[in-house]
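Go by the hints and put chains W and A onto chain P.
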Amino acid sequence: MKKLSARRRHPLAAVVVLLLALAATGGLYAAFAPASKAQADETAQSLAIEEGKKLYSVGCASCHGTGGQGTTDGPSLVGVGSAAVDFQVGTGRMPAQQPGAQVPKKKVIYNQAQIDQLAAYVASLGAGPIVPTKNQVSPDGADIAKGGDLFRTNCAQCHNFTGEGGALTNGKYAPSLEGVDPKHIYEAMQTGPQSMPSFPDTTMPEQQKRDIIAYIQTVNSAQSENPGGLKLGGLGPVSEGLFAWIFGLGALIAVAIWVAAHTAKAKKS
Amino acid sequence: MSSQEIPEENLPAEQGPAHGAVEGADDPFADPGLPAHQPRIQDIDERAAKRSERAVAFMFTLSMLATVGFIASYVIFPVDKIVYIWPFGHVSALNFSLGLTLGVALFAIGAGAVHWARTLMSDVEVADDRHAIEATPEVKAKVLADFAAGAEESAFGRRKLIRNTMFGALALVPLSGVVLLRDLGPLPEKKLRNTLWAKGKQLINMNTMEPLRPEDVAVGSLTFAMPEGLTEEAEDFQNQIAKAALMIIRIQPENIKDKREREWAHEGIVAFSKICTHVGCPISLYEQQTHHVLCPCHQSTFDLSDGARVIFGPAGHALPQLRIGVNSEGNLEALGDFDEPVGPAFWERG
Amino acid sequence: MSTATDTQRKAPAGERVADWADGRLGIYSLAKANMRKIFPDHWSFMLGEIALYSFIIIILTGVYLTLFFHPSMNEVVYHGSYEPMQGIKMSEAYASTLDISFDVRGGLLVRQIHHWAALIFLAGMFVHMMRVFFTGAFRKPREINWLFGFLLFVLGMFTGFTGYSLPDDLLSGTGVRFTQGAILSMPIVGTYISMFLFGGEFPGHDFVARFYSIHILLLPGIMLGLLVAHLILVFYHKHTQFAGPGRTNKNVVGMPLLPVYMAKAGGFFFLVFGIIAVIAAIASINPIWAIGPYRPDQVSTGAQPDWYMGFAEGLIRVMPGWEINLWGHTLVLGVFIPLMAFGLVLAIIAVYPFVESWITGDKREHHILDRPRNAPTRTAFGVAWITEYVIVFIGGGNDLWATHFHLSLNAISWFVRIFIFVGPVLAFIATRRICLGLQRRDKEKVLHGRESGIIKRLPHGEFVEIHEPLGPEQLHTLTAHEQYKPVEIGPTVDENGVERKVSALQKLRARLSKGYYGEDNQIAKPTVEEYKEITSGHGHH
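First to last, the sequence lines map onto chains P, W and A.
Letter by letter, the first sequence follows residues 1 to 269 of our numbering.
Letter by letter, the second sequence follows residues 1001 to 1350 of our numbering.
Letter by letter, the third sequence follows residues 2001 to 2541 of our numbering.
Just so you know, these hints were derived from the structure itself, not from any lab.
Please note: incorrect hints may appear among the correct ones.
[Stated by the list, open to error] The calculated DSS-like cross-link candidates involving lysine-lysine, where the alpha carbons are at most 27 angstroms apart (straight line), are:
{"id": "1", "chain 1": "P", "residue 1": "K265", "chain 2": "A", "residue 2": "K2037"}
{"id": "2", "chain 1": "P", "residue 1": "K146", "chain 2": "W", "residue 2": "K1081"}
{"id": "3", "chain 1": "A", "residue 1": "K2507", "chain 2": "A", "residue 2": "K2140"}
{"id": "4", "chain 1": "A", "residue 1": "K2250", "chain 2": "W", "residue 2": "K1140"}
{"id": "5", "chain 1": "A", "residue 1": "K2443", "chain 2": "W", "residue 2": "K1140"}
{"id": "6", "chain 1": "P", "residue 1": "K265", "chain 2": "W", "residue 2": "K1050"}
{"id": "7", "chain 1": "W", "residue 1": "K1140", "chain 2": "A", "residue 2": "K2140"}
{"id": "8", "chain 1": "A", "residue 1": "K2089", "chain 2": "W", "residue 2": "K1081"}
{"id": "9", "chain 1": "A", "residue 1": "K2363", "chain 2": "W", "residue 2": "K1142"}
{"id": "10", "chain 1": "W", "residue 1": "K1140", "chain 2": "A", "residue 2": "K2032"}
{"id": "11", "chain 1": "A", "residue 1": "K2514", "chain 2": "A", "residue 2": "K2140"}
{"id": "12", "chain 1": "P", "residue 1": "K267", "chain 2": "A", "residue 2": "K2445"}
{"id": "13", "chain 1": "A", "residue 1": "K2514", "chain 2": "A", "residue 2": "K2501"}
{"id": "14", "chain 1": "A", "residue 1": "K2089", "chain 2": "W", "residue 2": "K1191"}
The model shown is predicted, which means the values in this text are computed figures rather than measured ones.
Excised from the complex, chain P in its bound form (with noise of 0.2 angstroms):
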């Protein structure tokens, strides 16, 4: 209770108190109102896609055109899904800010309606894979051990033994995974974002997507285990070379010119 009213004040507060209400009205009118549920659903989906196109046309048609059917500047759209859409935007990867080698993740610009709505817009043009739920990317009860098997066969090559991030061509890269909400890490392999090829369902089952999962939340998060201790980056020989050279023969040779110095005289002459 301290910690909501200390977060009152709040800049997203207000934010937060209008979504709630609008989903109370929502729901209030969902329960209350006459016509069949499912009508009700799709009246909220075509309201939810009014909005998305609306915001599409404002900070997405400049590249990808009005109809989402891509520029040169930008791929198509159709039968990207709304998975896509919530991975890009959700991690701020989209709007793109300038042109490089590749999108980096940024700060997030639109709220998680409006990227629900983004998605839904987007979603409409073609079919593509969804955004999934909590379930399906909850790594409770996954195997790690399996996730870690899996991780290695299909994601080390890029993103390193456990998530660290590494090199592609010409000053592109596989992002680091630390701190990667699980439904976007579910997201980019459905959707394969940029040069990351996709993973769908049909050759990497759901579960198998959960227990990757559970690996990477096991091994590269602030709760992870280092016993050894410093993990030094996570990079292998070279950070481990680094230090041995910069902090072991450092701080040995310190010492050493501490043993070889001449103590101080009692005068100086």
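Same frame as chain P, now just chains W and A:
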């Protein structure tokens, strides 16, 4: 070497009192000799010396305490206890405490000993003479004479038959050791040329262990496959997968630039060896937008839409492609083995 | 010497033990020569000790590890205490390394000390070798010891590599795979050596056990022998020293072995061990549990070897993929050239002392060290070599530089491809100029004294800085170095007009000698006449 021809005067003058360039007393650069010893504070002030003594004893005591701490840590902390210690993270309590106490126990001994040496032992510098390493001419003459006498007595130089047969015997006898190494491994024969792939073998998805179907493989996706019949439990699994691992992708057929690649594909589904042709790393950093695949070990880059030819890096030739089709059950199958050896190139590869 | 009354008294126990040993081992004669042996003090003389002590630490911890490690590639299913590996198939070698890390109390610490000490051992040898190089300590009579040291470094690299491969984890397995690929590239014998080394096809079931005996027996055995020889020669030659008052080529000035040096060197062992133990307490190394067991079809990005092999890695990464197919055979130049270059770069530094002594033609013993600036060409050569080493090293980590400095991997590879040739040349030129500059500064100091920082205004308004003349000790130190004159071929016709034969080798040597000691390549040190002229009154300004 023709170094004898360099005249002595070309070499710089030796340093030292006897070889001064100018008359000794007159030479401003002459060696003034060892400077007089300057006493340390500890040499003239007994209180300072006492302080040093206490510091050294403190170090040795600290070491003893740290060793007690080491044993205590060993007993107290369970091997799987994890604690959060800033800034090291969630570390093993045992490793951390054992390492630190051991480190302190050792370091304190060293620091004590060095401090002792630096402050309390004599710091008067002493000069020790060097002696020539080379023997005197008399010694050398004696040794040479002894050797000549020994050689003469053995008749080594005269009885050439003995000498030659002995050299022969000594040269041949190590061969036994070399011969014994023969069974370290089999001969290469054609082992590097074949893999487990053969006509009719289905492509097994390495995630699900189920046969792959063409409709499973989406454009832009990446899947890994191994031959039907191979299991992780198999005795030679490692050896077989080291050659048979496959990388399955799908490219719109019109985007495949290489004619043979298109023919060997099934509706744009192409199967390339996952083993880099450079030195054999599993290569699979597939960039689905450009169809380039990068090796994480040495960065060879292959264009999978153009017969997997090398476009960057140290690999010498394209990744081998496996010809695939669909069997009667609608599963992907190999239409034969690779038509060239997979993995790193070798002399007999041709 | 000993009188009857002396022998009557009962000698103390320690003396009696020593007497007993002396009667069998002759320890008194040994101690007479060595107990008060003089060792000069300088921090850079302790770099070799860092290597020596890390080697001892490695042996101590290594013996402990052998008690728990199973050098076997039999497949087992893991059921130990590390959760994310439950039920995974792995080799016994990998499983036992997990056990050492998670189930043996203190096992993780010993493993980490062992591995950190190995990295520091190689680093210590490297800096020690460079110290010896840049001070010219490799000159007669120490050339053989230089070779011993060099062999220790190379063997250390391979001992490290075989040890790193033992846990059979995904990272080291990838390194072994690379080694196998490199072996395959050797013309004619490649496939045979590969089959023999791995007992058949890669990875087979043998290499861990074979690497094990190489790692714990063969290579360390040879190294131990070389190490003892190295140390015996250090004692026999007596240590080198820097020039200074009272220090000549015929003496060695410092502290006696007993007690000062023994306390310092013995203490230093504990300091080194202590620091490495602390590092092993706070920093993780080679966390094989996070890396996973080896499978030839799995890999992780950022696959690099330990630092001392990084240079081989770099060579192989930046090499273009040349391959020649002729008459049914393949010459894998893309791998074979880096393999040769690896040996060549190491060989160059190994033979350098012999080349230098051929150029100078100097057959005398040298016990006074050069300051690097006073041997500009040697120093420049050494810096060029290190530059080459470092550039290739950067190539070995090109993917990590790319991600951490937001660069293109390909651009870094191209940078290395160019600077592998250009870098050493630039480094050579720059270093030599810096050395000559420093030589000039030394000369200036000798002739005009030290800049005191005191500014004086002269009556007519000019400002001058007062220079303080140097004391005799510094004057001597700064002028003690030897300067060679370039070797002359001499006239090609003798006085009778008959042409003298000058071999190409002699011409080469003359040219090299000029490069080393020619007029522009070293600054003539001040002469007594110059000094006297300047200091005789009106020289001050």
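Hints, verified against the model:
| no. | hint | verdict |
| --- | --- | --- |
| 1 | P:K265 <-> A:K2037 | 24 angstroms, holds |
| 2 | P:K146 <-> W:K1081 | 24 angstroms, holds |
| 3 | A:K2507 <-> A:K2140 | 24 angstroms, holds |
| 4 | A:K2250 <-> W:K1140 | 22 angstroms, holds |
| 5 | A:K2443 <-> W:K1140 | 44 angstroms, violated |
| 6 | P:K265 <-> W:K1050 | 17 angstroms, holds |
| 7 | W:K1140 <-> A:K2140 | 19 angstroms, holds |
| 8 | A:K2089 <-> W:K1081 | 26 angstroms, holds |
| 9 | A:K2363 <-> W:K1142 | 23 angstroms, holds |
| 10 | W:K1140 <-> A:K2032 | 26 angstroms, holds |
| 11 | A:K2514 <-> A:K2140 | 22 angstroms, holds |
| 12 | P:K267 <-> A:K2445 | 26 angstroms, holds |
| 13 | A:K2514 <-> A:K2501 | 20 angstroms, holds |
| 14 | A:K2089 <-> W:K1191 | 26 angstroms, holds |
Consistency note: the structure conflicts with earlier hint 5 alone.
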